[in-house]
Amino acid sequence: MAYSHLLIAIDLTEDCHRVLDRAQKLCQALSCQATLVHVVEPLTMAFGGDVPMDLSLLQQQQTEQAQSKLNHLAEQHALLKENNCHLRYGQPRQEIHLLAKEHNCDLIIVGSHGRHGLALLLGSTSKDLLSNAPCDILAIDLQDHATDQ
Numbered sequence: 005m006a007y008s009h010l011l012i013a014i015d016l017t018e019d020c021h022r023v024l025d026r027a028q029k030l031c032q033a034l035s036c037q038a039t040l041v042h043v044v045e046p047l048t049m050a051f052g053g054d055v056p057m058d059l060s061l062l063q064q065q066q067t068e069q070a071q072s073k074l075n076h077l078a079e080q081h082a083l084l085k086e087n088n089c090h091l092r093y094g095q096p097r098q099e100i101h102l103l104a105k106e107h108n109c110d111l112i113i114v115g116s117h118g119r120h121g122l123a124l125l126l127g128s129t130s131k132d133l134l135s136n137a138p139c140d141i142l143a144i145d146l147q148d149h150a151t152d153q
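Residue numbers (my numbering): 5 to 153.
In short, the hints are calculated from the structure, not lab data. In this text, a Cβ means the ideal position worked out from N, Cα and C, and glycines have one as well. There may be inaccurate statements among the hints.
As the list claims (entries may be wrong) - Straight-line Cα separation of at most 27 Å, DSSO-like style, residue types lysine-lysine; simulated pairs:
no.	residue 1	residue 2
1	105	29
2	73	29
3	85	29
4	85	73
5	85	105
6	105	73
As the list claims (entries may be wrong) - The following label-pair restraints were derived from C-beta to C-beta distances:
no.	residue 1	residue 2	range
7	58	33	40 to 50 Å
8	68	132	20 to 30 Å
9	5	65	33 to 43 Å
Please work from the sequences and hints to get the whole structure.
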């Protein structure tokens with residue numbers, strides 16, 4: 005199956021460059037288009053909704069910083085243009101699935117860390133994406149394999 009539209013879901017950490025590099029190579033090999041997305045989670049989700057303070061200013065700052073980083077990434081990577089970089093607000097799985105449907109993406113690319121302990125039990129965004137995904141998913145292994153060589 006040849007893919008025609010990749011949705012690259014990133015978390016804006018240093019590891020996102022590895023995901024973007026792999027996605028760019030794949031996009032060039034397949035001669036397809038790419039869309040980039042980062043989802044800002046509501047701070048109340050991160051704190052379980054039990055924070056007795058107004059988080060709107062912090063949320064606004066977080067969103068502005070994320071947009072700035074996303075714009076910077078678009079400048080650094082040839083396959084990205086500002087009009088195909090999206091910043092969403094909400095629950096990552098839902099927003100990524102929705103954007104994939106809206107843009108008729110046929111492959112979602114996401115970075116995946118090896119999880120151990122509590123993170124393994126609770127899951128991760130990349131694992132969560134598999135549930136009812138509207139298309140195929142490619143998880144880029146972000147574990148440090150330098151010690152394996």
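Verification of the supplied hints:
| no. | hint | in the structure |
| --- | --- | --- |
| 1 | 105 <-> 29 | holds, 23 Å |
| 2 | 73 <-> 29 | holds, 21 Å |
| 3 | 85 <-> 29 | holds, 16 Å |
| 4 | 85 <-> 73 | holds, 14 Å |
| 5 | 85 <-> 105 | holds, 20 Å |
| 6 | 105 <-> 73 | holds, 25 Å |
| 7 | 58 <-> 33: 40 to 50 Å | holds, 48 Å |
| 8 | 68 <-> 132: 20 to 30 Å | holds, 26 Å |
| 9 | 5 <-> 65: 33 to 43 Å | holds, 42 Å |
In terms of the numbered hints stated before, the structure departs from none.
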